[in-house]
Amino acid sequence: MIEARIVRILTGILGKEHVSTEKADLLCYSYDATQQKFLPDVVVHPATAAEISLIMKMANSEKIPVFPRGAGSGFSGGSLPTKGGIVLVTERMNRILEIDSENLVATVEPGVVTEQFQLVVEKLGLFYPPDPASLKFSTLGGNVAECAGGPRCVKYGVTKDFIIGLEIVTPQGDIITTGGPTMKGVVGYDLTKLICGSEGTLGIITRIIIKLLPLPEAKQTMLVMFASIDGAAQAVSAIIGNKIIPTTLEFMDGRTIDCVRKATNLEVPEAARALLIIEVDGDREFLAKQVEKIAAVIQPLGVVETRIAKTPAESEALWQIRRSVSASLRKVNPDKFNEDICVPRSKVPEMIRKVDAISEKYGIPIVNFGHAGDGNIHVNVMIDKKIPGEAEKAEKAIEEVFKGALTLGGTMSGEHGVGIAKAPYIPLEITPKAADYMKAIKQALDPNNILNPGKIFLDN
Amino acid sequence: MAKLKDLEAYREEIEQCVKCGACRAHCPVFGAERREGRVARGKIALSQAVLDGEIDFDAKVMEDLSQCLLCGSCGAGCPNKVPTEEIVAAARRRIAQEKGLSTFGKGVAAVIGRPKLMNALAKTGGKLSNLLFKKLPENSGLRLRFPVPYLESGRTLPPFTDKPFRERCPDRIEGEAGKPTVAFFTGCGINYMYPAVGEAFLKALKFLGITVIIPKDQACCGLPAVAAGAGSTVETLAEQNFAALTREPVDFILTACASCNAGLVKVYGDMEGECAELGPKTRDIFVFLLEQGLAEKLAELPRAAVRKVVTYHDPCHLRTQGITQEPRAVLKALPQVEYVEMENAGTCCGLGGTYSVYHYENSKKIGALKAGNIETSGAELVATDCPGCIMQLQDSINHAGGKQRAVHILELLNEALPD
Ligand SMILES: Cc1cc2nc3c(=O)[nH]c(=O)nc-3n(C[C@H](O)[C@H](O)[C@H](O)COP(=O)(O)OP(=O)(O)OC[C@H]3O[C@@H](n4cnc5c(N)ncnc54)[C@H](O)[C@@H]3O)c2cc1C
Ligand code: SF4
Ligand code: SF4
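In order, the protein sequence lines correspond to chains A and B.
Note that numbering that gives the first Met the number 0 has the first sequence beginning at 0, numbered continuously upward.
Note that numbering that gives the first Met the number 0 has the second sequence beginning at 0, numbered continuously upward.
Where hints are given, some of them may not hold.
Quick list of in silico lysine-lysine cross-link-like pairs, BS3-like style, CA-CA up to 30 Å [said to hold, decoys possible]:
| id | chain 1 | residue 1 | chain 2 | residue 2 |
| --- | --- | --- | --- | --- |
| 1 | A | K384 | B | K4 |
| 2 | A | K392 | B | K18 |
| 3 | B | K331 | A | K309 |
| 4 | A | K22 | B | K59 |
| 5 | B | K4 | A | K122 |
| 6 | B | K331 | A | K122 |
| 7 | B | K98 | A | K335 |
| 8 | A | K261 | B | K18 |
| 9 | A | K15 | B | K98 |
| 10 | A | K192 | A | K122 |
| 11 | A | K22 | A | K82 |
| 12 | B | K98 | A | K384 |
| 13 | B | K178 | A | K135 |
| 14 | B | K18 | A | K395 |
| 15 | A | K330 | B | K18 |
| 16 | A | K385 | B | K4 |
| 17 | B | K98 | A | K22 |
| 18 | B | K4 | A | K82 |
| 19 | A | K22 | B | K18 |
| 20 | A | K402 | A | K159 |
| 21 | A | K122 | B | K115 |
| 22 | A | K346 | A | K154 |
| 23 | A | K22 | B | K4 |
| 24 | A | K135 | B | K364 |
| 25 | A | K36 | B | K402 |
Footprint (simulated), chain B over chain A, 3 or more residues, beta carbon under 8 Å [unchecked claim]:
| id | segment |
| --- | --- |
| 26 | 63-77 |
| 27 | 93-106 |
| 28 | 131-138 |
| 29 | 342-354 |
FYI, nobody ran anything at the bench for these hints, they're computed from the structure.
Even glycine gets a Cβ: it sits at the ideal position worked out from N, Cα and C.
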């Protein structure tokens, strides 16, 4: 429990309206998409970096943990107040401060919802490519903190590739800026990149400087069904080998297709055991040619059927197959563990075979889909938690999946981060020495370990 | 016996919420006030905590649960289709049971539960409608009848009619042999505020030769009572409507109000008892008219040279049932209409029945977004399929200083059909 004195200080900084110790509010900020639950002692809604600075100074001297939170859509528990303390919500910091069309740079506050930012810049003919599937509700601050990625990463890269400067409040309460609005900048250590993906453990992001691109004129979508996952994987290599980088290269494995087939009336032929959604963007006149070339290059690789969308509505219909996955999985089993391993592109089929073997060994369905273009596989372990022993089996299976990915030169997380969900597995991927250096950085910035403690690394 | 489900009965639905946060993109209340307690996920978490005995219905929980339009937008956008609006309604019933109905909730239950009183009130309202915009003295009995926030908020209300629609029309209008027979469920909006919509309804059905029965003893569908948590009132009304609508055999029950449609289809559909039988028979007027070949008949009419630019607002209670194309198809088929689509036609207008009474400021904020979209669409008329939406849309336009008018599609159809 937090002392009344601390709550009074917070109220002094923020005003009564923006500090709450009401049980209802504590409950409402106790969860994220991992569905775990930890109650904070107090929830605060600051509006400025100056206010956050005062909060952090107080928290640092009083040694009270602070947990930054955007939309709470995280899949690794990053925003959960695992030790009580203060949940600091960025919901009020949701202004787009500047869009500089001439220099292709924008400055925003962290609570801006990703899609809203995209829509605003697209109206100006500009483009912010990172597109996590949660873009309609997750915040740019959360995206930066997790270094979120999405289907368009194959061509454009992840969130950090578009972040060129930040303002952060350090755990000790200083307000510092990193990087800036220039396309180049090599003075000093690149703290911007360090903060991107630091999962809210090194500083609270209060302002984000974003690099923009011109909006591509058009895009075209195609859906290709293959007789095997190998065909699909070879297709990915063949496309990229032919110097075409699509915007999107999404895949679904045979089990995913089965789920969709069972749960919806979307037509997918029986012979299809893997499927790619390929999207290209750019100047209108090049697109048709690119699509033709892709179709030709992959034709010998066991293609069962190719569908090319001619209108946005047809394109939407193709994406519908991908979008129906989530709901169709629930019909397999009620509870889902969604892991997001990433392996080198060419190792995708091998990884899927490993996962299939693990699924068989433990007798639990595992369904794979994801971003073939960058080797990011969403491994969905489907269980019914109500059945005794299932959860434990799932845990073992997941550990084997991680190990499998690592032996192929991959990583445990391509998108969702470590948070608390993967913290126990960190030693599998990061050597003790490397971990020591990381912890040294944390120690330097946050000597009292008050900012998002217990995340990424287990506290011991 | 009609029986609504208890909050406990929703446990499974509640547990289906995976806390992904997707509803943040769909909830109009959250859009106006970005606090987790205001979004579906938060309201579900609170309902769950109440069921688990982790928290009581304290003032804050009740406030958060009152902040819901029951629009169903969250459920429609939810990957797991969690019916938050039903959960919130069930939670409000539980609150009413534990704490008693709010004063306003009591008012709602007393008025809509008694059609005679409602008729009397509407007539007084008709005479006093000018007065409604002015402050009434504190001790006026009307203050109890018409919720104070309405009177003090500057909301523009349509004038109540002197003679309710159902008192003006016959019990039965004979159509052509071999065509279906339908019952018209008028709902309160049409009966007391927009009788012209009711007239237009009858004209449209006459045009197609349909036999219409208008049971005089039908009552309010009960949706305001659902919102207020007045469960037993809803149950009584459902039974009353069941009796009224099944007295004579009909092929369909037609509504021209999105909320009534949802009331009959969804609320009654979820009840234990025979009232649930009404749902499958109930059709939205435009779904029915299209099935009866209205579009083809309209296509035979000459296209007007000068046409009105009209846009469409999706009432939540139809949109979340997947009825979005039919009203548009009728509008597009009208000879005197030039149809334009507005941006975000599918977001809630902000009325939410009793929501706009308790939370008029938020309701206005949500409505203001709508008014802006109507303005940018370039339309002179915004047509819809729900009297409640019409009222709210007009109020929002008035507050924004716009010139557009909100109308029911049936009014436009009325203009197009030969007398
Ligand atoms: C349905 C669904 C689909 C998803 N799809 C994807 C996907 O395709 N790709 C992907 O990468 N992720 C995806 N995610 C995961 C999640 O949406 C992302 O991690 C997202 O970036 C989190 O943003 P948020 O605003 O919800 O942050 P939160 O969940 O609130 O927080 C995430 C982390 O960021 C920290 N944080 C938040 N704001 C700040 C700040 N201002 N300063 C410092 N730290 C901060 C928090 O402490 C926490 O550690 C998905 C999640 C869901 C539920
Ligand atoms: S209600 Fe649906 S959309 Fe909202 S958090 Fe729960 S599962 Fe997600
Ligand atoms: S029913 Fe409407 S107002 Fe209520 S939580 Fe859902 S989206 Fe929000």
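30 Å Cα cutoff - pair B:K18, A:K395: 24 Å, holds
Pairwise hint evaluation, A:K154 against A:K346, where the allowed Cα distance is 30 Å at most: 19 Å, holds
Distance restraint between B:K98 and A:K22, which requires alpha-carbon spacing of 30 Å or less: Distance of about 19 Å is within 30 Å: holds.
Straight-line alpha-carbon gap A:K330 to B:K18, limit 30 Å: With a Cα-Cα distance of about 18 Å, the restraint between A:K330 and B:K18 holds, given a limit of 30 Å.
Straight-line alpha-carbon gap A:K22 to B:K59, limit 30 Å: Given that 30 Å is the threshold and the Cα spacing comes to 8 Å, the pair holds.
Agreement of A:K385 and B:K4 with the hint, judged by alpha carbon distance not exceeding 30 Å: Satisfied, since the Cα-Cα distance of roughly 25 Å is no more than 30 Å.
Restraint status (C-alpha distance of B:K98 to A:K384 at most 30 Å): 36 Å, violated
Distance restraint between A:K192 and A:K122, which requires alpha-carbon spacing of 30 Å or less: The given pair, whose Cα atoms are some 28 Å apart, holds under the 30 Å limit.
Coverage claim, chain B over the segment 342-354 of chain A, checked by counting residues with Cβ within 8 Å (three needed): As far as the segment 342-354 of chain A goes, the hint is violated, because 0 residues have Cβ atoms under 8 Å from chain B.
Hinted pair B:K178 and A:K135, Cα distance within 30 Å: 47 Å, violated
Stated coverage of the segment 93-106 of chain A by chain B [criterion: 3+ residues, CB within 8 Å]: violated (count 1)
Pair hint outcome, A:K22 versus B:K4 [Cα-Cα no greater than 30 Å]: Holds, at roughly 27 Å.
Checked against the numbered hints listed earlier, the structure breaks hints 5, 7, 12, 13, 18, 21, 25, 27, 29; every other hint is satisfied.
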